[in-house]
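Protein chains in written order, with my numbering: chain A, 3 to 83; chain B, 131 to 357; chain C, 6 to 449.
Mixed in with the good hints there might be a few duds.
Said to hold, decoys possible - Okay, derived cross-link-like pairs now, DSS-like style, lysine-lysine, Cα gap no bigger than 25 Å in a straight line:
(1) K212/B - K171/B
(2) K17/A - K23/C
(3) K66/C - K61/A
(4) K17/A - K51/C
(5) K255/B - K23/C
(6) K74/A - K23/C
(7) K212/B - K292/B
(8) K17/A - K74/A
(9) K212/B - K345/B
(10) K317/B - K295/B
(11) K52/C - K17/A
Claimed, not checked - Output of the computed footprint for chain A on chain C, the stretches with three or more beta carbons under 8 Å from beta carbons of chain A:
(12) 31 to 37
(13) 164 to 177
(14) 259 to 271
These aren't lab readings, by the way, just hints derived from the structure by calculation. Note that the structure is predicted; figures quoted are calculated from it, not measured. Backbone N, C-alpha and C define an ideal beta-carbon position, used for all residues, glycine too.
What follows is the residue order along each chain.
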Amino acid sequence: MTSNVMPLTMASYGKPVTVVNIRAGFGLQKRLSDMGLLPGTKIRIVNSQRAGPVLIDLKGTRLALGRGAAQKIMVTETQDG
Amino acid sequence: MDKKMTVALAGNPNAGKTTLFNNLTGAHQHVGNWPGVTVEKKEGNLNHKGYSITVVDLPGVYSLTAYSPDEVIAMDFIVEEKPDVVVDIVDASNLERNLYLAVQILEMGVPVIIALNMMDQAESKKHLIDIPTLSHLIGAPVVPMTANRNEGTEELLAEIVKVAKGEVETRELRIEYGREVEEEIAKLEQIISPTSLALKYPPRWLAVKLLEGDKEIIGKLKEVDVE
Amino acid sequence: MNKEDILRATDASIAHLKNIYGDESETLIADARYGFISGLLKDVLKKPPVDRVTVSDKIDKVIVNRWAGIPIFMAIMYGVFQFTFTLSAPLMGLIDRGFGWLGGQVATVSPNWLGSLLADGIVGGLGSVITFVPPIFLLFIALSVLEDCGYMARAAFVMDRVMHKVGLHGRSFIPMIIGFGCNVPGIMACRTIENPKDRLTTIMINPFMSCGARLPIFILLAGAFFTQNQGLVVFSMYLIGIIVAIIMALVFRKWILPGPSGHFVMELPPYRRPTVSGVLTHMWERGRLFLIKAGTVIFGVVILIWLLSSMPWGIEYASAESWIGQIGSFLAPIFGPCGFGQWQAAVSLFFGFLAKEVVVGTMGTIFAVDEGILGGALATQLGWTPLVAYAFMVFCLLYVPCVASLGAIRGETNSWKWPVISLLYTTAIAWIAATLIYQIGSLL
Chain A
3 MTSNVMPLTM ASYGKPVTVV NIRAGFGLQK RLSDMGLLPG TKIRIVNSQR AGPVLIDLKG
63 TRLALGRGAA QKIMVTETQD G
Chain B
131 MDKKMTVALA GNPNAGKTTL FNNLTGAHQH VGNWPGVTVE KKEGNLNHKG YSITVVDLPG
191 VYSLTAYSPD EVIAMDFIVE EKPDVVVDIV DASNLERNLY LAVQILEMGV PVIIALNMMD
251 QAESKKHLID IPTLSHLIGA PVVPMTANRN EGTEELLAEI VKVAKGEVET RELRIEYGRE
311 VEEEIAKLEQ IISPTSLALK YPPRWLAVKL LEGDKEIIGK LKEVDVE
Chain C
6 MNKEDILRAT DASIAHLKNI YGDESETLIA DARYGFISGL LKDVLKKPPV DRVTVSDKID
66 KVIVNRWAGI PIFMAIMYGV FQFTFTLSAP LMGLIDRGFG WLGGQVATVS PNWLGSLLAD
126 GIVGGLGSVI TFVPPIFLLF IALSVLEDCG YMARAAFVMD RVMHKVGLHG RSFIPMIIGF
186 GCNVPGIMAC RTIENPKDRL TTIMINPFMS CGARLPIFIL LAGAFFTQNQ GLVVFSMYLI
246 GIIVAIIMAL VFRKWILPGP SGHFVMELPP YRRPTVSGVL THMWERGRLF LIKAGTVIFG
306 VVILIWLLSS MPWGIEYASA ESWIGQIGSF LAPIFGPCGF GQWQAAVSLF FGFLAKEVVV
366 GTMGTIFAVD EGILGGALAT QLGWTPLVAY AFMVFCLLYV PCVASLGAIR GETNSWKWPV
426 ISLLYTTAIA WIAATLIYQI GSLL
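Kindly generate the complete structure, drawing on both the sequences and the hints.
Following this line, the structure appears as structure tokens:
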């Protein structure tokens, strides 16, 4: 069962989420996909700064995303890791 | 007289490229700039078993497209300068992420050796990697190493010499892109094959690059001669 | 077949695929590659179902904590400076005594002019610069440790929010910290910033980061005029540098280079224990430049200044009648409003353009003393007060980037326009800031 789709900035801390789509321009989308972040990827929020950047766990590495970029990444909560 | 050869070092940022470069070349390095841009170009030299080897440190990238100047430099060096061997440094504790670049280099059909770095970290994370199978499936030699402790450098050099002598076969990696995409690739390949471009680059690779909308490759179309 | 045919066929293929899948063919290709990789890994890689919480994660819980992140960053930077100054003080004393002794020995060499060249020129001038090797190298060690252990990337993450407010993002913060060591690598580190306007802004504010070469000036003046609060006064220079940099970033992003800033996307490497050889290599790569500079540029300038101080023939060494005194007297009125309108100060600042250590080196040569008593000479011979000293320090902090930094700006921007702008605007800001400090301070 999946809940609603929301921007990564609204997902709760520590819970695994799955990327649904990335509503960004060509450049950012490409850059994220080169780093392994694309629709279907499971990620986990490790740290989120209030009105600041988001730190995610992406297949074992730590990726820092500015708020602007994080807002464009739509995710849905995954039922289990 | 030693035989000359060129080895290009490719890899993701943070995969340990600089450490391996230092292990290979020691103090024999010099720093310059890549032509036309201000990105640093590091080169070093070493002699090994009758070979005078020039090692070129390519910029650390996640992918080989025309996205950033670093990527253009790395790709251009591989396709234009045709180094004898490309060593791709892969972080063994982050295989999935790092293999994305490796796959792209393998698709270019150049001789590649995978330097599987940070084996110590992979072990401490309890990741077990079946190296012979990996090597078999991608069609390239895989050398495990821990560059931080200077482990695996000799083995890598031995493998570089083997590839240079042609004792190890490396083959172009063919990824199945799915029926519809493959049809388009085939169409483009057919158009490209009779042109002069096909002499310089593998046509299939060009076709994939074109579908990716790669600006660098589109720029190279200018070189096309009518036949 | 020609270029147009190939392009037309490509566009047709891309459109066709988009029609079928609703996705860019680029995405399809990336997906297929990742698909191949995950299939491959099923056969090749066995790993525990979930990666354990790593040590890095535990450290990150604290280091990049929403509330504690910035205070921890400040504490670490303060620790870096404490480390640098506490350890370097005894070493500097030792070197200083060594040069004092050496100066005494060579002063007796005949003929007289040679003794003067050796003692006043080379030992006095170069000695006052060499004395600062320990703090500069220790600072490089501390910065290398921060970089090698993985903290630098965390600092960028923690400061992203702040940098965002001035129209930049976290990545711009790393070149700024590197600039504390030397602005040249700081400016070159801006290459990792993709957005051209972000990059240019970060380059243009880098010279405000107080580099190691400015340290001699601060330590010298703080030691002579602020014996009680030496550390605090030096630390205030770094803070003023950061504040001016941030204000100027805002100005650049708002009026000179407006437009949206790029996205902050950066991988944070896992924490690693820095290796001794790694840190020393790093320190040496950067520190070497300082030594080369001392051996070439500064050595040459010191001899030039000695020569200018001794000419024309027959005048008293380094008097107002000497050539250097004449150059200085010509420039001095410019600095009147800032409080340091003496020819000795003017000429030091003038040659400091070559490298900021030269400011101290020039004074050492002019006053023909080494660093230990140079501060005292400024008070007794020029009548400087703590206020004048502070205004002078602020001026040195902010005014023209050194020749090497301008060269780096020229190289990185690939134009002459930006180094010229940098030269002019930093000097204007320095003059205004020093004048404000001196004039307002005099009223109090």
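Structure-based check of all given hints:
no.	hint	result
1	K212/B - K171/B	holds, 17 Å
2	K17/A - K23/C	violated, 33 Å
3	K66/C - K61/A	holds, 19 Å
4	K17/A - K51/C	holds, 24 Å
5	K255/B - K23/C	violated, 41 Å
6	K74/A - K23/C	holds, 22 Å
7	K212/B - K292/B	holds, 17 Å
8	K17/A - K74/A	holds, 19 Å
9	K212/B - K345/B	holds, 20 Å
10	K317/B - K295/B	violated, 36 Å
11	K52/C - K17/A	holds, 21 Å
12	31 to 37	holds (count 4)
13	164 to 177	holds (count 5)
14	259 to 271	holds (count 4)
Checked against the numbered hints given earlier, this structure breaks hints 2, 5, 10; the rest are met.
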